[in-house]
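Chains as they are written, first to last, in numbering that gives the first Met the number 0: chain A, 0 to 110; chain B, 0 to 629; chain C, 0 to 491.
Hints are computed from structural coordinates only; laboratory data are not their basis. Among the clues, some could well be false.
Heads up, simulated BS3-like pairs for lysine-lysine below, C-alpha to C-alpha not over 30 Å straight-line [to be verified]: (1) B:K30 x B:K56; (2) B:K30 x C:K156; (3) C:K156 x B:K163; (4) C:K349 x B:K577; (5) B:K372 x B:K487; (6) C:K446 x B:K558; (7) C:K446 x B:K112; (8) C:K156 x C:K349; (9) B:K26 x C:K446; (10) B:K213 x C:K399.
Some chain C residues near chain B, calculated using beta-carbon distances under 7 Å [claimed, not checked]: (11) P218; (12) I283; (13) Q286; (14) Q344; (15) G346; (16) T347; (17) I350; (18) S351; (19) L377; (20) I413; (21) V417; (22) G472; (23) P476.
For glycine and all other residues, C-beta sits at the position ideal for the given N, C-alpha and C.
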Amino acid sequence: MPINYYIFLALALFSIGIVGVLTRRNAIIIFMCIELMLNAVNLLLVAFSKMHYLKNVAADAATTTGTDGQLFVFFIMVVAAAEVSVGLAIIVMMYRNIHSVDVNFLNRLKH
Amino acid sequence: MQNVLQIVYLIPLLPLIGFLINGLGRKHLSKSMISVVGCGTILASFVLSIWVFLQVKDGNTHVANYFDFISVGALKIPFAFQVDQLSSLFLLIITGVGFLIHVYSTGYMKEEKTEHFGRYFAYLNLFIFSMLLLVMGANFVIMFIGWEGVGLCSYLLIGYWFKKTEYNMAANKAFIMNRIGDLAFLIAIFWLIAKVGSVSYSEVFSAANLAKLKAIDITVITMLLFVGATGKSAQIPLYTWLPDAMAGPTPVSALIHAATMVTAGIYMIARSNLLFSMSHITMDIVAYVGLATALLAATIALKQNDIKKILAYSTVSQLGFMFLALGCGAYTAAVFHVMTHAFFKALMFLGSGSVIHAMGGEQDIRNMGGLSKKLKITFITFLIGCIAIAGIPPFSGFFSKDAILLSAFEKSPVLYSVALFTALLTAFYMFRLLFITFTGKFRGTQEQEHHLHESPVSMTIPLIILAVLSIIGGFVGIPEVFMPGADKLGEFLSPVIASHGEHTVSHSTEYMLMGLSTGLVILMIIFAWIKFKNYQRSEATGFGKVLENKWYVDELYEKIIVNPLNKLGNFFSSIFEKSVIDNMVNGVGKIVNYGSRQMRLLQSGQVGNYVLLMVVSMVLIFVIQFFLRK
Amino acid sequence: MVPVLLILIPLMAGLATFFFKNEKAVRSWALFSAIITLVISVLGLTLLKEEKYLQHSCEWIQTIGSRFSVKLDGMGQLLCLLNAVAYPLVILATWNSPYKKSNNFFALMLLAQAGIMGVFLATDALLFYFFWELALIPMYFLCSQWGGERRIAVTFKFFIYTFIGSLLMLVGLLYIYSKTADHSFSIESFYSVVLSNKEQSFVFWLIFVAFAIKMPIFPLHTWQPDTYEQAPTATTMILSGVMVKMGVFGLLRWLFPVLPFASFQWGDFITSAALIGVIYASLIAIQQNDLKRLVAYSSIAHIGLMCAAAFSQNESGLQGLILQMFNHGINIIGLWIVVELIERQFGTRKISELGGLAQKAPALAILLVIVALANIALPLTNAFPGEFLMFNGIFSSLTKYYLWFTLMAGMGIILGAVYTLNMIRRVFYGNTNELTVATQDIKWNEKLALGIIVIIIFWLGVYPQCMLNEITGVTEPLLKKFEILRYTAVPK
C-alpha cells in the first residue's frame, strides 16, 4: 500500500483532533482528541518506519535499520498512558470542585 | 625713596582691613571707633597715594607681581598691580575724595544704629578697596575684579536701607544693568586672550601685539569694552540705573555715583587708549553715544524736582561729556574732567545731603526755598559747585569743559554746537536747582522751617575743602593758549596716553570759542535767575511732562525687555515645563502602561483561546518557515 | 591604600550605623566617620602623594576580565575631596533637623558616600557601573522614606529615570567591552579600543543619556526639581552638591577619551541643548516661589554651563570645569543649608510668605549673601575663576558658533543675577511680617558649617591657583585625543 494513504489518514485524524480540542468544551472529549492527535502521530511514525525498513531490508537482509520509529511509538504510548492518568486525575479533581467538566469554567488563569 | 612703590599693596589692603574690622566688629565697636577705623584707613591710603604720586611724578612707575591668580596652560593671569601716571592720579582722586566723604558720613549717618553705622562704613571701605583694585590692577582681569567689586558695593549701598522695597529694587536694577555691561567686558577679555594671548596691559599694549591685531578685532574688542563702560558709567542705553541709585545714602551717591565708580568706564577707555585710537568706528560711536547721553540726561534734568535726581541726571550728562572727549581722542581732557567733576559733583551731592539733613529727609525742591539764610556754608559751597559745573572761568569746570568742547570742535562743528547747547542746558538746570532751593520763600511745613539748621562741622569741613578744590582744581590743566607749558596734567599723563597730535585750532578761534561759551552760560544763568528767583509750584504740561517722566525710557525698557522675559519665564514654568517636557517624560510611562493594558486582554483565561492561539501561531511558524526556505 | 580607605570607611561606618540606637550617638558617629574620610582625602592630596599610595588593584570578577582597581588621580581627586568635605558640612548643618529612625538615615547617607567615592575612584568600567548604581540605591530609600508629601511618586520617577539611563549605559559599556582587544573592563583597554565612527555615535548616545540624566541636561531635567523639592534637605545637598557631578565626571573620564570622535561630532548639538537649558532654567528660576525649586533650577542652569564647557574640549574649559565642579558643590550646599534653616524655622519655603529676615537674623543674611554672590560668580569668590575659565574655554572652542554659545552662557550669568538678587531681596530684605517677626538667628553649628563654606569661598576666590596646581596636566591625555581629531576633522 502506498505511503500516501497512511499520511492522509494520519492528517485526517490529527485535524479531527485539533478541531475537537478547539471546539469542544467537555474536558474528557478534549482529552480524547489529544489522544487522537498523539495516535495520528504514532500512525505516521509506524508507517514511515515500515517504509524505511522495507527499503533497507532489500539491500541487506539482516539489518534492523529503520525500526527506530516503531520504538518511539512505544515510548509515546507509555508517556501517553502516564499523561492520561495525570490528566484524568485533574479532571476528577475538577469535577469534584466545580461539579462540571466544562473547560470554560476554568478561566481563573486571567487573574 | 623708591621703596614706597614696593608697598603699594598697602593702599588697597588698608581699606580692606578697615572693612574687616568694621564688618566683623560692628556690634562690639562704638561709633567713634568705627569712624576712626573707617576714616583712618582711608586717610592712610591717601597719604600713601600722595607719596606714590610724588614718586610717579619723578618718573618712577612700577608693576608688582604678587602671585598667580589663574594660570592654565598658556594663559597666565598674575595678581599684579601697576602704578603709573594714570593710576596714581585716580588713586589720589579715590582716596582723597573718598576720605572727605568718609568724614562727611560720620556726621551724616550719626543717627543710625551702631550696628548699621558699622555696616555702612564696612561697605564704604570695601568700595574703596574694590575701586583701588580696579585702577591699580595691571591687567584686565584684576580690573574686572574691581569692576564687579564696585558694582557689588554699589548694590549693597543703594540697598543700605533694606527695609524699603523700592530701594532694594533700585539696588537690583543697578546690579543687573551693570552685569549686562560686565558681560560685554568679559567677552572683550576673552577676545583679547584669543587674539593676543594675554590680558596684561604691558603685553596687550605693546607695539608688536597691537600691530598683530586685525582691524576688525580691534573694533570688536573696543566696542565690547565700550559696552562694558556704558554699564558702569551710565551711558545710553544702560543709564537708567543711576538715577534710581539715588536711593542710597547721599554720601554714597557722592562717592560712588558721582565721583568715583561711574568714572571707571572712562578710566578703562583711557587705559586702553592705544587700542581705541586704532579704531575710528568705535571712536565715532563713543563720541556720539556720549554726546547723545549728555543731551538726553540734560533735558531730563531740566524738569526733575528731586534734588538728588537732578544731580544724578547731571552726572549722567557730565559722564556723557567725558565720553565725548574720549571719542574725540582727547583722553587727557576726559581724565581732567573726571577729576574736576569729582570735586564739584561730590561737593554738590554733599551739599544736597546737607540740605536733606536740614530738611529732615525732604528731597523735593518744590518744598524748599530760601534756604540760603539758614544754611550759609552749604549755600556758598553749593554756589561754587554750580559755577564750576556751569563752566565759568577761572573755576575748575571751565578748564576741563573747555578742553572737551575744543576737542569736539576739532572733530566736527556739529558735535561742538550740540555739546555747547548741552553745556548751556547744564548751566540752566543747575542754577534752576540752586535758585529754587536757596532763594525765594520757604515752601515747606512749619515744623521743617523750625528745624532748619546748618550741618555739623564734620559735614561742613569736607564741603569747604571740596569747594576750594572746585575753584582751584582747574589750574593743573591750563590750556596752551593762556600760558604755554602750564598744562601740567597733560604733561604728567603723556607717558600713558597717546597724544592725538597738535591742536589744529588757531589761538584766535580758541579765544572766540571760550568767549562764546562763557558769554552764553552767563546769559543762561541770568535767564534762570529771572525765571526761578521767586519759584511758584506748577504742574508740568505737554513736553515738560515727557521730560519729567524721563522720556518714558524706563517704561519702554519695562515693556520691551522685562515684561516679555517675565512672560516667557512664566510660559516656561507654568505651561511648557509641565505640559510639554513633563508630559513627554510621563508619556513614555503612559505608553508602556497603555500597551500592557492592551496586551492583558489576550490573557482571557479561556483555555480554548490559548489553544487556538497556540495552533494559529504554530501554523504561522510553519508557513513562515515554508516561505523563508525559498 | 588611600582610595580603598576612602570607600571602605564610609561603607563600614554606614553599615555599623544601622545598629546604633541613640540619636546623638548616631550623629556623632556619622560626623566622626565623615571627618576621618575627609582627613584621609586631604592626606591623599598632601602627604601621601606618591603613586603607590594612590592606587590599588585586586581581583574581582576574573572570568570576565574585571578587576577591583581604584585610583585617586587628577580628575577624581578634587571630586573626592568635595565628597569628603560635603559630608561633615551636611551633618553639621542638619544637626538639629529631626529625622525619624536617624540611624537608618545616616547609615544610608554614608553608604551613598561610599558609592559616590567609588564612582570617582574606579578605573574599571564594570566597577564604575557597580558604584554608580550603589550610589543610587541609598538615595532612592532616603528620598522615598524621609521625603515630603509627594515623595513616592517623585522618587519613583527619579529612580526609573536614572535607572533607564544606567541600563543604557551598561549596554554601551558592554558593547565597548566586547570590542576591547583583551576583553577587559580596565580603563586602559577602554581607552585604546578602536571603534568605527558609526559605532562611536551609537555607543556615545547610549552612555551619554545616562550622564545627561544625572547632570541633568535640558530636556532630561524634569526629575530634578521635583526630587530636590521632595527629598529631605540633607539628601538634596548630597544629590545636587556631589551626585550631579558624577554625570560631568563621567563625561570626562568615560566618554570623551573612549569615544573622542563622537564627542567631537555631537559637541555642538549637545552644547546648544545645554545652553538652551541654561537660559530656560534661569527664566523658570525667576518665576519660582518655592526656595527649593529656585535653587534646583539654578543648579540646572549651572550644570548646563558646565556641560557646555566640557564640550568646549580645550584646556581652559576643562580645567575651569574641574575647578568649578568643586566650587559649585560647595556653594550649592551652602544655599541648601540656608534653605533648610529657613524651612525648619518657619515651616514654609514660599518666598512670598517670607521677608525681612535680615533685620532679625543678620548673621544668616550675611552668610547667605556671600554664598549667593558666590553662586553668581562674583570675582574674589570661588566660582569666578572656574566660570571665567569655562567661559574662556567656550569662547575659544573650535566650533563656529563659539560667539553664540558665549552669549547664551552670558545670558545665563545675567539672569542668574536676576533670580539670585530677587531671592535675597524678597526673603531677606524688606519688612518683617507676622511669620518672620520672631525670627531667631542661626545656631553655632550652622554658623560653623556656613562659616567653613564662606572661608572656602574666599580662599579659592582669591587664590584659585592652589587648586589649579593640583589639576595641571590632568586634561592633557584627553586633549591629545581631541588634538588629533582637530587636525583631521577641521581643515585649517
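Against the structure, the hints:
Between the alpha carbons of B:K30 and B:K56 the distance comes to roughly 38 Å, so the proposed pair goes past 30 Å and is violated. Proposed proximity of B:K30 and C:K156 is contradicted: the alpha carbons are some 57 Å apart, above 30 Å. Between C:K156 and B:K163, the direct Cα distance comes to roughly 43 Å. Violation of the 30 Å bound is thereby established for this hinted pair. Pair hint C:K349 plus B:K577 holds up; C-alpha atoms about 20 Å apart against a cutoff of 30 Å.
Between B:K372 and B:K487, the direct Cα distance comes to roughly 40 Å. Violation of the 30 Å bound is thereby established for this hinted pair. Our distance criterion of 30 Å between C-alpha atoms is broken by C:K446 and B:K558, whose separation comes to about 43 Å. For the given pair, C:K446 sits about 24 Å from B:K112 by alpha-carbon distance, which is consistent with the 30 Å threshold. At most 30 Å may separate the alpha-carbon atoms for a hinted pair to count; C:K156 and C:K349 meet this at roughly 24 Å.
Restraint check: the Cα-Cα separation between B:K26 and C:K446 comes to about 17 Å, which is no more than 30 Å; the hinted pair holds. Under the criterion of a C-alpha separation no larger than 30 Å, the hint pairing B:K213 with C:K399 is consistent with the structure, at around 19 Å. Interface hint at C:P218: satisfied, since its Cβ lies 5 Å from the closest Cβ of chain B, which is below the 7 Å cut-off. Because the smallest distance between the Cβ of C:I283 and any Cβ of chain B comes to about 4 Å, under 7 Å, the interface hint for this residue holds.
Taken as an interface hint, C:Q286 checks out: its beta carbon lies about 4 Å from the nearest beta carbon of chain B, inside 7 Å. Interface hint status for C:Q344: violated, as the beta-carbon distance to the closest one in chain B is roughly 20 Å, over 7 Å. For C:G346, the interface hint is violated, since its Cβ never comes within 7 Å of a Cβ in chain B; the closest pair sits about 24 Å apart. Checking C:T347 against chain B: minimum C-beta separation of about 19 Å lies over 7 Å; hint violated.
With a least beta-carbon distance of about 14 Å to chain B, the hint placing C:I350 at the interface is violated under the 7 Å criterion. Violation of the interface hint for C:S351 is found here, the shortest Cβ-Cβ separation to chain B being roughly 13 Å, above the 7 Å cut-off. With its C-beta approaching chain B no nearer than about 6 Å, C:L377 sits inside the 7 Å limit, and its interface hint holds. For C:I413, the interface hint holds, the least distance from its beta-carbon to any beta-carbon of chain B being 5 Å, beneath 7 Å.
Interface restraint check for C:V417: the shortest CB-CB distance to chain B comes to about 6 Å, inside 7 Å, so the restraint holds. The beta carbon of C:G472 comes no nearer than 9 Å to any beta carbon in chain B, farther than 7 Å, and the hint placing it at the interface is violated. For C:P476, the suggested interface contact is broken, since its CB lies about 14 Å from the closest CB of chain B, more than 7 Å.
The structure fails to meet hints 1, 2, 3, 5, 6, 14, 15, 16, 17, 18, 22 and 23 from the earlier list, while all remaining hints are met.
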